[in-house]
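Trainee: Spelled out, the chains give:
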Amino acid sequence: MNLTPMIDMTFLLIVFFILTSQISNVEVAEEIELPEPERSVAAEPDEEHRLVINLIPDASDRRRLSSMRVGFRTFTADAPGRSRLRAELLAAAQSDPDLKIDIRADRQALYSEVYPVMSLASSSGAKRIDLVVSATLPGRGDEEVER
Amino acid sequence: MTSALDTPFSRTPLLEQEGESSAYHQPLSRRHRGEFDLRLNLVSMIDVVFLLFMYFLLTANFTLGEEVYLIDVPQTRAAGLDDPFELPERPLAIRIATIGPGRADCSIRIDLPGLAATPTFEALYRRLEDHRVRPGNPTGLFMSDNPIHIIPTPATRWEHTIEALNACLRAQYTSVRLIEPGSAE
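Line by line, the protein sequences give chains A and B.
Letter 120 of the first sequence, counting from 1, is numbered 120 in my numbering, and no numbers are missing.
With the second sequence counted from 1, adding 1000 to any position gets you my numbering.
Isolated chain A (complex conformation) (with noise of 0.2 Å):
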């Protein structure tokens, strides 16, 4: 058997894991606890590009936050932060008229801490903003609760 092309596709799989799996992690923090509201009505995401901000809570107060995070850059959750973010999604909505924003905000944060970030992305000029949640699971919440 020869093994050269199967070490060679083998690499190449190692390389795709290597990167995809480093993607998921910036778009993603999993260190954020989505709220998960019950009867959700939320809707999917669709399959189009969207710009990820995921306000990363502090380790020892959940309801503050730490940082916001878009993509590989972090912004400090405080004033020269939040313009900084700004002058980000402002660039970004220039770039892509379509611009799409979800805000991932973990469930125990302060409105007073998550709503600067909402007013920042809706200023921006984005065309469409959206809050994500933890997906309700098939069967959970279907039951019917007597009026």
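If you are wondering where the hints come from, they were derived from the structure by calculation, not from laboratory data.
We put the CB at the ideal spot given by N, CA and C, even for glycine.
Please note: incorrect hints may appear among the correct ones.
[To be verified] Which stretches of chain B does chain A cover? Using the computed rule of at least three CB atoms under 8 Å from a CB of chain A, they are:
#, stretch
1, 1039-1050
2, 1104-1110
3, 1138-1144
4, 1148-1158
5, 1168-1178
[To be verified] Partner residues are not named here, just some residues of chain A that face chain B (Cβ under 10 Å, in silico):
#, residue
6, L3
7, P5
8, M9
9, T10
10, V41
11, E44
12, R82
13, S122
14, D130
15, A135
Position chain B against the provided structure of chain A, taking the given hints into account.
Mentor: Positioned in the frame of chain A, the structure of chain B alone reads:
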């Protein structure tokens, strides 16, 4: 001694036939000698399998188990386009506040006389649904496109904000907005 060429229909043993033919003739192909040698080339098969594997990996849709709520982005309206005879719609304000660590520890209040505070988000949904104008309920208070403003306090947890948003959208209201925290609107 007879060779394989002299008796074309005979079947001579392979070793004897190969020995004689190699001595006098060009070797016959195995098919002409009545043998069928089926061999599988594993290298090309593995190549194709890996290519198919790569194709399915790249085209597969890796779902994250997440869903999204669409938020209306405020659009700037051009001057002079408003209808001067159109009455401004008064938004229905829903105020929510987190009052404890539990998931159900939330105060929900609708800013409208006659509509008392609702104890749960399920009750909020029922109340909004009961007051929505629809074919079976023509005397409802609100149309589906009646603006609803959700006004959380600054200390309201995000999960309670999302629950309130979900209750409004579940009751099939189409114009729901999240307002600045603690707004006196």
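Trainee: Please go over all the hints and tell whether each is borne out by the structure.
Mentor: Hint check:
no.	hint	result
1	1039-1050	holds (count 5)
2	1104-1110	violated (count 0)
3	1138-1144	violated (count 0)
4	1148-1158	holds (count 7)
5	1168-1178	holds (count 3)
6	L3	holds, 9 Å
7	P5	holds, 5 Å
8	M9	holds, 4 Å
9	T10	holds, 8 Å
10	V41	holds, 5 Å
11	E44	holds, 6 Å
12	R82	violated, 15 Å
13	S122	holds, 5 Å
14	D130	holds, 4 Å
15	A135	holds, 5 Å
In this structure, the hints that do not hold are numbers 2, 3, 12, in rising order.
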